[in-house]
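Enquirer: Required output: the full structure, derived from the provided sequences and hints.
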Amino acid sequence: MDVCIGISSGFHDSAASIVSKSGKVLYASSEERFSRIKGDSKWPSKSLHYANELVASNSWKVISVYYYEDIFKAAAISLVSKIKQMKLNRKHIKKTFESFAEIISNLRNLLHEYELTFNDLYFSDHHASHLGSSLMFSEKRDGYGFVIDAYGQGNSGLACQIVNGSAKYSKLIPIDKSIGLFYSAMTVYCGFKTLTGEYKLMGLAPYGRPKYIDKISLLFGLPNIHDFNTSILDMHGSSLITKKFINLLGNKPSRARESDIDDYYKDMAASTQKYLEILVVSYLEHYFQLNTESHETIFFSGGVALNCKLTSVLETRYPNISIVIGPSPGDGGSAVGSCYPFIESGKNEEKNNVNDSGLLGYSQSQKSANKLLGLYGLKITNIENNNIISYIVELLKENKIGAICQGKAEFGPRALGNRSIVANPSSSECRKHINRYVKSREDFRPLAPITTYALYKEFFETKIRNDSTINLMKYMLTLIKVPSPMVDRISAAVHVDETCRMQCITKEDNPIMHNVITEFQKQTAIPCLINTSLNIRGEPIVNSVEDALSAFYNARLDFIVIEGYLVERLHQGPLTLESLPKKSFPLD
790 MDVCIGISSG FHDSAASIVS KSGKVLYASS EERFSRIKGD SKWPSKSLHY ANELVASNSW
850 KVISVYYYED IFKAAAISLV SKIKQMKLNR KHIKKTFESF AEIISNLRNL LHEYELTFND
910 LYFSDHHASH LGSSLMFSEK RDGYGFVIDA YGQGNSGLAC QIVNGSAKYS KLIPIDKSIG
970 LFYSAMTVYC GFKTLTGEYK LMGLAPYGRP KYIDKISLLF GLPNIHDFNT SILDMHGSSL
1030 ITKKFINLLG NKPSRARESD IDDYYKDMAA STQKYLEILV VSYLEHYFQL NTESHETIFF
1090 SGGVALNCKL TSVLETRYPN ISIVIGPSPG DGGSAVGSCY PFIESGKNEE KNNVNDSGLL
1150 GYSQSQKSAN KLLGLYGLKI TNIENNNIIS YIVELLKENK IGAICQGKAE FGPRALGNRS
1210 IVANPSSSEC RKHINRYVKS REDFRPLAPI TTYALYKEFF ETKIRNDSTI NLMKYMLTLI
1270 KVPSPMVDRI SAAVHVDETC RMQCITKEDN PIMHNVITEF QKQTAIPCLI NTSLNIRGEP
1330 IVNSVEDALS AFYNARLDFI VIEGYLVERL HQGPLTLESL PKKSFPLD
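First residue of the sequence shown: 790, per the working numbering; consecutive thereafter.
Hints listed in this document are in silico derivations from the structure and should not be mistaken for laboratory results. A hint or two may mislead.
[Said to hold, decoys possible] Here are the simulated EDC-like cross-link-like pairs (lysine to aspartate or glutamate), alpha carbons at most 16 Å apart as the crow flies:
1. K1156 to E1352
2. K1263 to D1145
3. K1055 to D1232
4. K1160 to D1298
5. K850 to E928
6. K850 to E887
7. K1197 to D1145
8. K1197 to E842
9. K1197 to D1298
10. K1263 to D1277
11. K1168 to E1357
12. K989 to E1047
[Stated by the list, open to error] Label pairs and their calculated CB-CB ranges:
13. Y1053 to E1247: 28 to 34 Å
14. I1067 to D965: 17 to 23 Å
15. G1163 to D909: 41 to 47 Å
16. Q1312 to E1367: 31 to 37 Å
17. L1007 to S1217: 34 to 40 Å
18. D909 to L1007: 48 to 54 Å
Each residue gets a CB set at the ideal place from its N, CA and C atoms; glycine is no exception.
Expert: Right under this line is the structure:
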């Protein structure tokens, strides 16, 4: 089978992928999962190494390589930008060309490995790669393409019409109207780190009131496409924040990281989120002339597409519109999206492989998992008649907190059931315990629930959703309003505004998780479980069995299921536990 390799690297969330001519994503993983460096931007050598193993073991034939952006254009834009700022110097020129040469060298080595030439290498456009990461996860080929992120190749987004899978009438969104930079700057102002803290700002927002829209408008203009402008920011600085920015806010400084969060910053977070929602609606209605009666498909991508509160607002405002987002709409997903031209060039190929899963990454065999468990001397719980589902349910009913590590790792930033911490959602104390003692993270952070499609329709669905928007819940990319009867029953999974980032699965998606949820509901009448990523704060989601064992130890989990083997903390001796891999990570 002919395949291509897709790559993103150099800014953040480097990744590699394998895509077939028929459009099937055969593999995709961020480098951070292997390197254990959160947001790793380096060349994805480890992810590519595993990709090479898959190519060899499956006898696939790599016939081309796709890179997620045009490095020639990116280098030129970087130099021109410095010239315009009167900041170009030898140091910057040297750094730009060294980075360029390093990418070329890495690409040359990869081509050589597969006996390819530079004629087999293709450079995509930064925002076209983002767009491809959504198109690759949909059967639809007509609608609108909408990409919004911070910046890439001199712009901050893309708006276009999609006709038969191709972009028409494209309009690039300039950096001085960058929605992503705006949100990142406000993330920094509220005391969080760019690229990893934006989701914290989103989670903090419901604790405040959106009372500072006027203050934010002093910085960026009114929240509409005509007035909005990000020229107040220092986009090349480490914090984005300028003195003028602080002055216009009455000299109220940025919140110090890890300090207490007072009402001012909670209200500023709420105002930032509200401003974002109003602004994105303005962009959509300007570019696509949408209204509440519109019937269209929007292929939405870029880092801003991970803001699930925004997505839920768009779903509510445009009830007849289908919103399509892939499982990894950020830069990591561009390793997949860059390959979109590859499948379009094979239009005569039979495209019966629909990409409908985010489980695309690294996996280990049950045999190798068993061997590693034995190496560490871990005692595996012997379950009568191999009835592991009922046993797990009993542990969850006892309010034990456990984890599941099985099959292929998730692609993207959300745990989708294969690298997940699970718990009983019926106690509000569970959320506090997991945040504080298991994941060592801020108390305000919400926990997400996971349920089956059948249980969702029975207990949670308050309005009929079309297939495309239901798929958003598969990848945890939207919010639902929790029905009043369920709020107290699943209090640990309900945010302060009575919403939750629900994930829905089928038995085909994840048999073990589906069976556990179904049996748990039968015995407790609680139709979901807590599902949060299997990692501790500052660490990427676990990848390997060894990573999972490290999380099991460091997060002090009660049990873990690894490739069908159940390990309980209670049954392990202290020396055995001490032998498990111990890792520490910087706070994100």
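Enquirer: If you check each hint against the structure, which ones fail?
Expert: Hints 4, 5, 6, 10, 13 are the ones this structure does not satisfy, whereas the remaining hints hold.
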